[in-house]
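2 protein chains.
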Amino acid sequence: MRPDFSTNRICQLLGITYPIIQAGMIWASGWRLASAVSNAGGLGILGAGSMYPDVLREHIQKCKQATDKPFAVNLPLLYVDIEKHIEIILENQVPIVFTSAGSPRTWTPMLKEKGIKVIHVVSSAAFAQKAEAAGCDAVVAEGYEAGGHNGREQTTTMVLIPQVTRAVSIPVIAAGGIATGEQLLAAMALGACGVQLGTRFVASEESSAHPDFKKIVIQSNEGDTQLVMHKLVPVRLLKNDFYRRIEEAESRGASAEELKEILGRARAKRGMFEGDLQEGELEIGQAASLLDDILPAATIVQNLLRDYARRLAELSSED
Amino acid sequence: MRPDFSTNRICQLLGITYPIIQAGMIWASGWRLASAVSNAGGLGILGAGSMYPDVLREHIQKCKQATDKPFAVNLPLLYVDIEKHIEIILENQVPIVFTSAGSPRTWTPMLKEKGIKVIHVVSSAAFAQKAEAAGCDAVVAEGYEAGGHNGREQTTTMVLIPQVTRAVSIPVIAAGGIATGEQLLAAMALGACGVQLGTRFVASEESSAHPDFKKIVIQSNEGDTQLVMHKLVPVRLLKNDFYRRIEEAESRGASAEELKEILGRARAKRGMFEGDLQEGELEIGQAASLLDDILPAATIVQNLLRDYARRLAELSSED
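Keeping their order, the protein sequence lines are chains A and B. Here my numbering is used: position 196 in the first sequence is 302, and no number is missing along the way. Here my numbering is used: position 279 in the second sequence is 385, and no number is missing along the way.
A couple of the hints might just be wrong.
Which copy? The list can't say, so a pair holds if one copy fits it or any two copies do.
[Said to hold, decoys possible] For lysine-lysine, the following DSS-like pairs were computed, each having C-alpha atoms within a straight-line distance of at most 27 Å:
| hint | residue 1 | residue 2 |
| --- | --- | --- |
| 1 | Lys-345 | Lys-170 |
| 2 | Lys-223 | Lys-175 |
| 3 | Lys-337 | Lys-366 |
| 4 | Lys-190 | Lys-337 |
| 5 | Lys-345 | Lys-236 |
| 6 | Lys-220 | Lys-190 |
| 7 | Lys-320 | Lys-236 |
| 8 | Lys-175 | Lys-345 |
| 9 | Lys-375 | Lys-220 |
Calculated from the structure, these hints are not laboratory results. Note that the coordinates shown come from a computational prediction; the quantities given were computed from them, not determined experimentally.
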């Protein structure tokens, strides 16, 4: 019942068996999660955004010991130590880099020259065209329902994927709201060649998110996440005390400066890694409401494939 | 190349050939559009929300002359003259009613007793369960990307459809962001039994929207619509001068009263029906950015079916 993706463009590009990519997420995706996803036939990604250079090096090396399959590093381009991160990626011959939150023009040509596949995360067709022009091999198109940082145009996955696939000829990976095999099929129907899942893999056994954060993610219901910080960088959060303070401030028209002050420092770590569920910043996507279990990453991949194949067979036989 | 939907639950429930429903929209969906969609094998809906009772009666009667297929009336339950509207629906034996913007408990039992099929529009699984408990035959689950009035939880179609199909056993019609055959397939993959399209049918030859409004809809790009009026009833609008005044007021924390004052009266008619593109209220969904032509309603239905079948065949052969 495992579908065959041998001619899939993303599988061919990245050398993986299934077009299922685990998003590189701060505080949740270290070597344990990334290697588990890669070993299951998908693509695991180390989230470098929450790692000091030495920590990143350690995770890359441990990931290599844990899997002989391809894996990637996610590099937020605005990271302060970006040059050190890139040095470590080159030194350790990481085969694939996902870039986000910055211009793809700055680093893509150099990484490509070194034989690295570069995939950029975008929230619009216009940004996808810039990524293609910069030489990226593919894009992740991430819709409004995604957790964490998010585009200003608020285009949802349902509209964004057709939009982006029309605008570029490089393969498109769909992200935002996707956690099930039926949604994987929906994303492929929209024209994506693969999917990237963040929220679903936060709630995995191998994720390094705090156990209490994982628990509240799978207990959450519809409407429990919301996009806030519109005057800074918009971010989708699980609602808690910290969220409510931000929401109250935005509702009365608070300035970017005031929002920054309420935010303070290291709140994401406090919430997602240290498990402070009320005062931490809990980045998670709308798909949280669809989850009710914490599973091994390999089971997540297998369930996606099973439910994809089953739903496709149902639709084909109805037709 | 036309798919066979003879065992589809929505087609069986409503007595239609294809599970493609044209949303009942104020100022855009009169008898010309509704009868054209029904004649093409889908379900056309008269948008009663912008009609005086006498106007509604006239549209029902003209619709009946123009088609012998089933059609429906969309009834916003907060409409001031709701009792007169219901009287006219009963008098003229309209077979199907779509209700929205109000509690399904008030009118569903009476309408059902008269043999009318009742379908309620919801924006969450919790509301879907209330509709099922009230005796509704089906629900339309409408995501954040939809035009016009919208739910507070901002759940997108990609997440909402799995959410709602898990919560109820009556059939679910997907709405919000859907304008193409590939999106129809995506909605079915998510578990919907059919789709409801608003924006796509605004840009049809038979729609009664002002020609200048239709033109600006098909010329619009990604990011050109936005949800506003969060302190009143949230509504998705095409960005224009009126939108920017509202947006500026919300950004500085304006009260509901101030928003109401800026809104004033009859702005939707002014924009969508009279064609005042800068000072009118232009309700439209994110799918507007995917459109580039104004087509006959029958062609819209045929294109949806063609592209649905083609994409399904592609995915099945890849597998």
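Do the hints match the structure? See the list:
no., hint, verdict
1, Lys-345 to Lys-170, "neither (37 Å within a copy, 50 Å between copies)"
2, Lys-223 to Lys-175, "within (15 Å within a copy, 55 Å between copies)"
3, Lys-337 to Lys-366, "both (10 Å within a copy, 24 Å between copies)"
4, Lys-190 to Lys-337, "neither (30 Å within a copy, 46 Å between copies)"
5, Lys-345 to Lys-236, "between (34 Å within a copy, 24 Å between copies)"
6, Lys-220 to Lys-190, "within (16 Å within a copy, 73 Å between copies)"
7, Lys-320 to Lys-236, "neither (35 Å within a copy, 30 Å between copies)"
8, Lys-175 to Lys-345, "neither (37 Å within a copy, 47 Å between copies)"
9, Lys-375 to Lys-220, "neither (33 Å within a copy, 59 Å between copies)"
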